[in-house]
Amino acid sequence: MAWLIALLQTLLFIALAPLLAGWLKCCKCRLQNRRAPSLLQPYRDLRKLSHKQPVVARQASWIFTITPYIVFSATVLAASVVPLIAVDLPTAAIADVIVMVGFFALARFFQALAGMDIGTAFGGMGSSREMTIASLAEPAMLMAIFTLAMSASTTNLSVAIDHVLAGGFVLRPSYVFALLGLMLVAIAETGRIPVDNPATHLELTMIHEAMILEYSGRHLALIEWASQIKLMLYGVLIANIFFPWGIAETYSLEALGSGLLAITGKLALLAVLLALSETLLAKMRLFRVQEFLGFAYLLSLLGMLSHIILEVID
Amino acid sequence: MSEESGKQPTQPTAKRKTADASAFEWYKQFTPFEWCKPFLSDLAERGVETAKEDDKALPPARLMTIEPDHWGTYAEVACRHQLRWVAAWGEDANERLLISTCFEKQGDYLVVRTSADAAHPHLPSQAPFYPAADRVERHIHDMLGVRFEGHPDNRRWTRHQAWPKERFPLRKDFLVEGSPAVVTPADKEYPFLTAKGTGVYEIPVGPVHAGIIEPGHFRFLAVGETVLNLEERLGYVHKGIEKIAEGRTPEALARLAGRVSGDTTVGHSWAACQAMEHAAGIEIPPRAAVIRAILAERERIANHMGDMGAICNDVGFTFAQIQFTRLRELWLRDNMALFGHRLLMDQIIPGGVKTDLPEASVEWIERSIHWLKKEMGELVTVIDVNSSLEDRLFTTGVLTPETAGALGVVGYLGRSSGQSFDLRRDAAYPPYDALDVKVPVEPQGDVASRFWVRYKEIRVACRLITALLDKLAPGDLTCEWTTPTAGAEGLGLIEGWRGEILCYVRFGDDNRISRYYPRDPSILNWPALEKIILENIVPDFPVCNKSLNGSYSGHDL
Numbered sequence: 001m002a003w004l005i006a007l008l009q010t011l012l013f014i015a016l017a018p019l020l021a022g023w024l025k026c027c028k029c030r031l032q033n034r035r036a037p038s039l040l041q042p043y044r045d046l047r048k049l050s051h052k053q054p055v056v057a058r059q060a061s062w063i064f065t066i067t068p069y070i071v072f073s074a075t076v077l078a079a080s081v082v083p084l085i086a087v088d089l090p091t092a093a094i095a096d097v098i099v100m101v102g103f104f105a106l107a108r109f110f111q112a113l114a115g116m117d118i119g120t121a122f123g124g125m126g127s128s129r130e131m132t133i134a135s136l137a138e139p140a141m142l143m144a145i146f147t148l149a150m151s152a153s154t155t156n157l158s159v160a161i162d163h164v165l166a167g168g169f170v171l172r173p174s175y176v177f178a179l180l181g182l183m184l185v186a187i188a189e190t191g192r193i194p195v196d197n198p199a200t201h202l203e204l205t206m207i208h209e210a211m212i213l214e215y216s217g218r219h220l221a222l223i224e225w226a227s228q229i230k231l232m233l234y235g236v237l238i239a240n241i242f243f244p245w246g247i248a249e250t251y252s253l254e255a256l257g258s259g260l261l262a263i264t265g266k267l268a269l270l271a272v273l274l275a276l277s278e279t280l281l282a283k284m285r286l287f288r289v290q291e292f293l294g295f296a297y298l299l300s301l302l303g304m305l306s307h308i309i310l311e312v313i314d
Numbered sequence: 001m002s003e004e005s006g007k008q009p010t011q012p013t014a015k016r017k018t019a020d021a022s023a024f025e026w027y028k029q030f031t032p033f034e035w036c037k038p039f040l041s042d043l044a045e046r047g048v049e050t051a052k053e054d055d056k057a058l059p060p061a062r063l064m065t066i067e068p069d070h071w072g073t074y075a076e077v078a079c080r081h082q083l084r085w086v087a088a089w090g091e092d093a094n095e096r097l098l099i100s101t102c103f104e105k106q107g108d109y110l111v112v113r114t115s116a117d118a119a120h121p122h123l124p125s126q127a128p129f130y131p132a133a134d135r136v137e138r139h140i141h142d143m144l145g146v147r148f149e150g151h152p153d154n155r156r157w158t159r160h161q162a163w164p165k166e167r168f169p170l171r172k173d174f175l176v177e178g179s180p181a182v183v184t185p186a187d188k189e190y191p192f193l194t195a196k197g198t199g200v201y202e203i204p205v206g207p208v209h210a211g212i213i214e215p216g217h218f219r220f221l222a223v224g225e226t227v228l229n230l231e232e233r234l235g236y237v238h239k240g241i242e243k244i245a246e247g248r249t250p251e252a253l254a255r256l257a258g259r260v261s262g263d264t265t266v267g268h269s270w271a272a273c274q275a276m277e278h279a280a281g282i283e284i285p286p287r288a289a290v291i292r293a294i295l296a297e298r299e300r301i302a303n304h305m306g307d308m309g310a311i312c313n314d315v316g317f318t319f320a321q322i323q324f325t326r327l328r329e330l331w332l333r334d335n336m337a338l339f340g341h342r343l344l345m346d347q348i349i350p351g352g353v354k355t356d357l358p359e360a361s362v363e364w365i366e367r368s369i370h371w372l373k374k375e376m377g378e379l380v381t382v383i384d385v386n387s388s389l390e391d392r393l394f395t396t397g398v399l400t401p402e403t404a405g406a407l408g409v410v411g412y413l414g415r416s417s418g419q420s421f422d423l424r425r426d427a428a429y430p431p432y433d434a435l436d437v438k439v440p441v442e443p444q445g446d447v448a449s450r451f452w453v454r455y456k457e458i459r460v461a462c463r464l465i466t467a468l469l470d471k472l473a474p475g476d477l478t479c480e481w482t483t484p485t486a487g488a489e490g491l492g493l494i495e496g497w498r499g500e501i502l503c504y505v506r507f508g509d510d511n512r513i514s515r516y517y518p519r520d521p522s523i524l525n526w527p528a529l530e531k532i533i534l535e536n537i538v539p540d541f542p543v544c545n546k547s548l549n550g551s552y553s554g555h556d557l
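Respectively, the protein sequence lines represent chains A and B. 1 is the number of the first residue of the first sequence in our numbering; add one for each residue after it. 1 is the number of the first residue of the second sequence in our numbering; add one for each residue after it.
To be clear, the hints were calculated from the coordinates, so they are not data collected in a lab. Careful, some of the hints might be misleading.
[As the list claims (entries may be wrong)] If you only want the chain B side, here are some residues facing chain A, beta carbon under 7 Å, derived:
| no. | residue |
| --- | --- |
| 1 | A181 |
| 2 | S388 |
| 3 | P539 |
Cβ atoms here follow ideal geometry from the backbone N, Cα and C, with glycine treated the same way.
The whole structure should be built from the sequences, with the hints applied where relevant.
Structure follows, in structure tokens:
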């Protein structure tokens, strides 16, 4: 039963990710005084792309063709670790948050290789920028997670959420800092404004998009879908770790239903926040990203320190 | 006007130095061609003999002829006397090739001409003294076969590698239809500048770009993200405008001129018509001149709004782009309703204009000006208080006033780098000669300067339209066309929205054009991009490019 729910939850994750992307697009359009495309547009795009024959560069090696599958499966595996609608699922028990970060690193590693594989200037440029940002984002993210791990005495997400639930709603400075840090990291990792612009057509300014410029057809569909899952995953992390209330603690249909409703609402709200910040901000200069991520690291570190100074009693 | 600026919540450019208000008077203190005397005596000292033609030979410019051997020396002396290099063109006059260069100082234009033997044409180059002459001389070589001695860069420019050697399109023996090969081979043998060393890599961009823009190739040499060098390669939209203009009637040339660069259709067709009218010696009715200026100012406003939005979009600030696009779209729909064409194509015809402005249209324009000022005021406030946008635009892509002066850039690009020159003020043509045209100037020369100069120019243009509507007296729309004598030539000088447009027209027999050369401001402005991007990072190139916004089509001809 538990395994079945775990499987269903992962499937739900994969299925709902494009909807979140559609909602985000909808919010952004509204904020810019434009008419928005349908909420289902990302699904249509994925369907269209998956029906198209992928065009592969002549000099591409096996790395280029295998990368979309690796990226997609690594992202799905990472998603299976994260409690979406219910805690205490067996998938959460077999892997902790460090494994999840590892999955992301694996996906990024292959993505960067594939960017350089076809030998275009843009691919290499994108890979180099992506790795620069990743090397700064990962420590900040891990520091935020360690803050959480220290207070919950675990790196397992499910157990950590249980710990937060059991503690009730308490305003902890360490959590506030970690939350802010994690939000900044999430923006960098998912390639949103002000770090990267997912909607741009200007190759020279791209980071993530530059690596995948040569992809087409189902390869592109898989990569796009993986980015949508990744965006949702960060949203779920922020929502469920820091505001876990509403998540199902039993496997009853009622609890699962309300868990689904709760996470939908939380994600919808987060997307509105993201759309707001993307509308208000211009993209920053590439070399400002290190300051941005340095700040994220500082916030996470402050979270850790304030935990040690203020919250460890004995 | 001061009352209206007081209504604005914040002064958008308060932090930056304001325009040089005394520039207007400064220009007026000179008598025309006063500078010519010391210049001519200096030339005589260097042994350059100048033969002055009749002042009516090529109005509004003064025409001089010199010996071909003195071509380079002339430029050297001109450079010392701080004459601005404006344009150069050549034409085939059977056994001889006529080469002309246009200079400007204090609003006075001077055309100097020489002739070269058509069998072995060669001239000393002016490019060592004027960087602006570099590509233009290469273009003249590719089109007419004139060899420029001492030219710093002898690579081909407009010439496609598939063109047969020793065949030059602008020679009279070259057929207008050309003689195209069945399949043109790809042009991939162009020798770009290369660099060696660890960590230096090349980024080829274009000619096909991801956005819906014109084709052009940019070759970057970069270390990490810092640009070491940028080399432009243009010519992908070469349409043979100069050749297909030959043998056209004045009406057909005006239509062709309107298609030199789609966004400057008013500017180029006005310049061509003005040149033809000078050649024919006719004067257009005052009402037509006023309507032409209204068209030109409407074009300026529409393009500046589009550019301001695009600059914001290139740094990821989509909100502003959507808003500017909306304003521009509504503005273009007004054009459609008022003149029957969104981009105002073919409105200017030889001898006048096509569409009249009835009372209803005048009221409509007044309303839309009022509406635009209000909308722009709100939007500009949003932009001005956005610090993330400010962070991207300020100090990005600096073109110093010194470099701008050395390159001889014009239009908003020059005016945002301290070059206070505007034809509408400094060499005013009707109807601007009866108006007080304010010229906003910014000395900083960064992307933000180019953004705010555009905004100020929109405000000036709004004011000008209001003033022009007041001057709109009843009268004819066109005047009768007089067939110019064979060989009659004329010069058109118009301040288009990108800057100074020069247009040279020579008539042949029978009211037909024998030579047409439009010099788009982009020809002078494109080289500046190679300087602007130095020491900037690769991802800042799109916004630098957009802030300059050269026309590919206008450059390639």
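The hints, checked one at a time:
The beta carbon of A181/B comes no nearer than 27 Å to any beta carbon in chain A, farther than 7 Å, and the hint placing it at the interface is violated. Interface restraint check: S388/B against chain A, minimum CB-CB distance 4 Å, threshold 7 Å, status holds. Residue-level restraint check for P539/B holds (minimum Cβ-Cβ distance to chain A is 4 Å; threshold 7 Å).
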